[in-house]
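Chains as they are written, first to last, in this note's numbering: chain A, 941 to 1311; chain B, 170 to 478.
What the hints contain is simulated information worked out from the structure, not anything from laboratory work.
Note that the coordinates shown come from a computational prediction; the quantities given were computed from them, not determined experimentally.
Careful: at least some of the hints might be erroneous.
Stated by the list, open to error - Computed footprint of chain A on chain B, listed as stretches where at least three residues anywhere in the stretch have a Cβ under 8 Å from a Cβ of chain A: (1) 242-248; (2) 255-265; (3) 272-279.
Said to hold, decoys possible - Partner residues are not named here, just some residues of chain B that face chain A (Cβ under 10 Å, in silico): (4) I216; (5) L222; (6) M251; (7) S252; (8) A268; (9) Y297; (10) C317; (11) A318; (12) H321; (13) Y377.
Where a beta carbon is used, it is the ideal one built from N, C-alpha and C, also for glycine.
So the chains spell out like this:
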Amino acid sequence: MREYFHGLMPVCRKEMLHIQRDPGTLFFALLFPMLQLFLFGFAVDTNIRQIPTVVLDESRTQESRRLLQSFASSDVFDLKLAVNSPDAMYEAIQSGRASVGIRIPTDYARTLQQGTSATVLLLVDGSDSSLAGQAVNTATGVTLRQSLLRVLPDGKMPIDVRPSVLYNPSTRSANFFVPGLIAILLQMMTILLVALSVVRERERGTLEQLQMTPVAPLGLMVGKMIPYGGLAFLELCAILAVMRVVFQVPIHGSLVLLLVMSLPFLLTVLGLGLLISSKARSQAEAFQLAMGTVLPSVFLSGYIFQIGNMPVFFRGVSQIIPATYYIRILRGIILRGAGIRELWLNAAVLTGMGCLALLLAARQFVRKSAS
Amino acid sequence: MTAVITADHLTIRFGSFTAVKDVSFSIERGEVFGFLGPNGSGKTTIIKALCGLLPPTEGGGTILGMDIRKDAAEIKRNIGYMSQKFGLYEDLTVAENIAFYAGVYGIKGAQAEQRKAEVLELTGIESYLNRRAGQLSGGWKQRLALACAIIHSPQVVFLDEPTAGIDPVARRALWDLLFRLSGQGVTFFVTTHYMDEAERCGRVGYIYLSELVAMGTVAELQQMPEASPQGTSRLQIRLPNPSSILGSLRGTAGVREATIFGSSLHALVDTDKIPALEAKFPAAQIETILPSLEDIFVTLTYKIMEKSR
């Protein structure tokens, strides 16, 4: 067994020296994910609030003002513009000054009093589909409520919904996105660091030299994994601290469990980095391959889009993306306080993937050395 | 005498390309063996095969009695290897590079300290211990690379073009080192492009188009019938302005090869045509010489090129 890992300690020690000697790389490797965390953590907010709205009130009655008032109090619409003509309303939407237009016709109050159906026009800019959906839903809800209040004499609703959002009561986007972001940032940083460290050796000819020594492939690979895995682990701790302190995302579950269950993911991305390094001939190529793993992990891991809503094929693809499992672990522990009983399978799959990647990389390394 | 490196009908193919074709040789303990050949002729491939990195397609070989097909791991523990690229970590210091390779070869504790002291003494690199390898000159990098390659006291050391791009003083220093070690029984397998280096070697092999076309001491090679064909003589022709007659010399009947060596010409001439040559160039001082290694290899190369045509 020992001989399979021959050279592990010297490689590990040497790799730490490389890290110390190149503080620039170290600095960027640690700082870059942190910058992105701040950037995306603050920028991404999927909750739609205060949509700029243009109003054309041709009725100018108490009734029309009451309707507009209920729109304004929904927090979804910001009635910031009032215009006097349909053309001006269209122009405001087209120019992008407003995304929604509400037009109340002249006969609004009169038709209401006659007891017949009054029409209100709602114009929605559909170029942002989630914004449009939210606007239509809220407007429908607001007008439905107003209609019911008119019909019901005592103003009492027959059904009173009391929504209670579990785990993220204020439905803050940061709570949902920052835990997922951890997976993406860790993956990018780790793959890149470890892949570049191997490819650099290939470029400088030291890898050729090592192949002539008794260093075993697994000794070399694991010797490189330990220091870079350690760096990634420190970065994880720093990111979690920022998440807790800056973004105020509480960790509902056990922090220790979270850290322990992060290790299988680190193993997997380190293995992926080694696999990439066995394919890449230059640092530029390694960089491109590493970046190539980022987009699938962003879009197909459930980080942004629900896996359940994907076509069957992509649902299958998401199952082979390591981030899918780690994001489940992260969200499970951080947001829902899940424990080992709910999450062990994800950790097991990641461990399997990591070992597979490591063995494949070691085999590639042996083959490559032959030619 | 014991053979420490042997190749036995060694053949290596990559797909349809034959990189090494039926190469056999045997190298004794303490020899400094020079291996010559143009780029791409198969020198590095043979080294890789002998170190157990590349399984031979046919044939086989041994290092220190170990089979290159089966005992790759054991072979790697007992050989040293140094390439033209040196394999040094430029951001690590001299001491750290040596310590790394000592660790890689599994040398520990007191033994490691003793070996470090020995290679430092041998290479004289002691005063640069804390300097980064990247800041050393080419010659010192080369000595450091050698120190790393022999830290585990290997009995066999492969040097793949160790002196490419190194100044003459450093080259000579390296060769002095090699001979000191070979005196202690270490066997060296050295590839080179430099004829003067090859001439220092005890024995020389010449590989061309994947085939070992000549092998022996310099004196043996000079007697090779292919290098000095029956009925021909190797001549040195001294003239005040040798370049002016090179063309007409090559055009003279019986002259097989002619080239300029500094202030004289070397030519391979049919022996019976020498009087005619003396008559044609009366001002020239003509004497018979032994062929240089370069003469031999050029003649051999021409022969093979003719045959393959």
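Q: If any of the earlier hints don't hold here, list their numbers in rising order.
A: 9 and 13
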